[in-house]
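*Asks:* Let's have the full structure, built from the sequences with the hints guiding it.
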Amino acid sequence: MLEPFAYDFFVRGFVVAGLVGALCGLMGVYVVLRRMSYIGHGLSHAMLGGAVVSYVMAFNFYLGAGLWGFLSALLINTTVQRRRMLGADAVIGVITTASFAVGVAIISRYRTFTRNFEAALLGEILGIQPQDLLAVAVMTVLAAVFVFFCYRRLLFVTFDPEVAGYYGVPVQWLDSLFALALAGTIVVSMQVIGVTMLVAALVIPAATARLLTDSFHRLVLLSVGIGALSGVAGVYISYYLDISSGANVVLVTTGAFALAYAWSALRHRLAAIQGLRALD
Amino acid sequence: MLHPFPHEPRGETPLVEFRGVTCGYGGTTALVDVSVSIWEGEFVGLLGPSGAGKTTFLRAILGAVEIYRGQVLVEGRPHHRGRAPAGYVPQVETVDWNFPVTVEQVVLMGFAGRGWLPWAGREERERARAVMERLGIAHLAGRHIRALSGGQQQRAFLARALVSSPRLLLLDEPTAGVDIKTRDDILHLLHELNHDGTTIVLTTHEINAVAAHLPRVICINQRVVADGPPAQVFTPEVMSRTYGAPMTVVHHEGLVLVAERPHRYYEEHLARSRAREGDGDA
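Going down the list, the protein sequences come from chains H and F.
Here the first sequence is numbered in the working numbering, starting from 1 and rising by one per residue.
Here the second sequence is numbered in the working numbering, starting from 1 and rising by one per residue.
In short, the hints are calculated from the structure, not lab data.
Everything numeric in this text was worked out from a predicted model, so none of it was measured.
Backbone N, C-alpha and C fix where the C-beta goes; we use that ideal spot for every residue, glycine too.
Be careful, since some hints might not be right.
Said to hold, decoys possible - To be clear about the criterion: a stretch of chain F counts as covered by chain H if any three or more of its residues have a C-beta under 8 angstroms from a C-beta of chain H, and this derived list gives those stretches:
hint : stretch
1    : 37 to 48
2    : 198 to 208
Unchecked claim - Far from chain F, by Cβ distances over 10 angstroms, these chain H residues were calculated:
hint : residue
3    : F9
4    : L33
5    : F59
6    : G87
7    : D89
8    : V94
9    : Q131
10   : V147
11   : F156
12   : V232
13   : Y261
*Replies:* Below, the structure written as structure tokens:
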């Protein structure tokens, strides 16, 4: 049972998976409730471009990819606001896919780092270095601090951005900070989960929690808990089954979603039966 | 329905003043050359068809519209960004009813612009509870917002606007889509709040059911068509210009009733068939 914990790389992967799960679970609440899933999906792809460019230019990976992602988010935002006839989904499609293509183009030109490319695409949790663990830990703390101190304002902005502004909430500031935190989250999670599956880590814990509660506070706690638990469970199981850790984390989270779905279906059925009994 | 007497307008400067305001969004004008003063203690209804600029009027008070000409003054000053001058109750249609919040969580949003802790302080909780009790929704505090009736939903959002004790209360179509009993309850509640000193501005497109019960009505169709008590404002000319359709006004035992004239198409049809009958006779 405890055998894999004898390896340093496994312990690191285990801790990182828990942190990334909790971090994505936390940010995912807002992503899901603001219906930004597609932005999350697009941004994670866009950042591959940033990651590759910073690799080629020997620039710090986290700063390079994070900045690239943040700028893509701002670009999407301004384009959507200035060309309303386009619609957010089309703009996201244009900007993030173009950015992804930049990454793929550079990789195909150099061909020397296909191994890292695969890690970024599919996630390679057991190759995590101590500095990656540090980056994940710092980002998790930053996101937790951000959400803690802006919790009530963020709730209002997520619920109704227009009216939140009328009540004196600095909506644009919060939106920009949130985009920054989301970009940071995606950058540090990229190597763990992989670009192609990252949106699942963001969306599934929050969606699962949403099936279980109608209260925002409980939703946040549940989503973080589900994310963290599926992260560590996914890594642990993947060690024994010898399958990709990123994919396995996503599969475990999906299992949790299926259970929550079954539970909510059962609850509705029971409520209906009780309602009928009350009529008799 | 019995209403407490409207509060006497008071103060030296108007609480809200529009000085020749032309405003809109992204170059499209929604209101043209509007000059209106609203005094503390007033209860004002903005009446007009959809697209007439009623919501824009409220948003101009909140500083959320581009002003092309003129000035909007609140408490004698131009609007500051980030300062909430008024409690605002949005139209229920614009609310995301699937969002996971309880009634109490919605009400506590009224304090969201202050403090940096994720939970509400004891004073805020007590204030929220007091307002919910006053509005008769305290027993629903833990309910999800979708599990409320139309009137209860309206009250939850009214409570959010009231927790910070605003001098001015703005409501966008507070009686849209609720049944007659709920509509009268809401109007009665608003009259009570007004009687206690809160200045109220609401929008409505219901002439007889809502506007006729308010002490002051401003008829809007891009421009201000008329402004005054319903008995003076409700004339066939004003109503026709506001709604862009012929209207009949009936005065009966101190009541004013406004009714739509038969549809123009129907009238023309009648006229044509009468003419045809005339041809047959000849």
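*Asks:* Against chain F, does D89/H keep a CB gap of more than 10 angstroms to every residue?
*Replies:* Holds, because the least Cβ-Cβ distance between D89/H and chain F comes to about 19 angstroms, which exceeds 10 angstroms.
*Asks:* Mind taking a look at whether chain H covers the stretch 37 to 48 of chain F? Criterion is 3 or more residues with CB to CB distance under 8 angstroms.
*Replies:* violated (count 0)
*Asks:* Using Cβ atoms and 10 angstroms as the threshold, tell me whether G87/H really stays out of contact range of chain F.
*Replies:* holds, 17 angstroms
*Asks:* Can we trust that F9/H is non-interface, i.e. its beta-carbon lies farther than 10 angstroms from all of chain F?
*Replies:* Fine: 36 angstroms to the nearest Cβ keeps F9/H off the interface.
*Asks:* Could you check that no beta carbon of chain F comes within 10 angstroms of the beta carbon of V147/H?
*Replies:* violated, 8 angstroms
*Asks:* Determine whether the non-interface label on F59/H survives the test: each CB of chain F must be over 10 angstroms from its CB.
*Replies:* Since the minimum Cβ distance to chain F is about 35 angstroms, F59/H lies beyond 10 angstroms and the statement holds.
*Asks:* Since L33/H was said not to touch the interface, does its Cβ keep a gap of more than 10 angstroms from each Cβ of chain F?
*Replies:* Non-interface label on L33/H violated, nearest chain F Cβ at 7 angstroms vs cutoff 10 angstroms.
*Asks:* Does V232/H clear chain F by more than 10 angstroms, comparing its Cβ with all Cβ atoms of that chain?
*Replies:* holds, 26 angstroms
*Asks:* Quick one: work out the minimum CB distance from V94/H to chain F and report holds if it exceeds 10 angstroms, violated otherwise.
*Replies:* The claim holds: V94/H sits with its nearest Cβ about 22 angstroms from chain F, beyond 10 angstroms.
*Asks:* Please confirm whether Y261/H is truly not at the interface, meaning its C-beta sits more than 10 angstroms away from all C-beta atoms of chain F.
*Replies:* holds, 16 angstroms
*Asks:* Counting residues of the stretch 198 to 208 of chain F whose CB is closer than 8 angstroms to a CB in chain H, do you get three or more?
*Replies:* violated (count 0)
*Asks:* Evaluate the condition: distance from the CB of Q131/H to the nearest CB of chain F exceeds 10 angstroms.
*Replies:* Holds: least Cβ distance 31 angstroms, greater than 10 angstroms.
Comparing the model with each numbered hint stated earlier shows that hints 1, 2, 4, 10, 11 do not hold.
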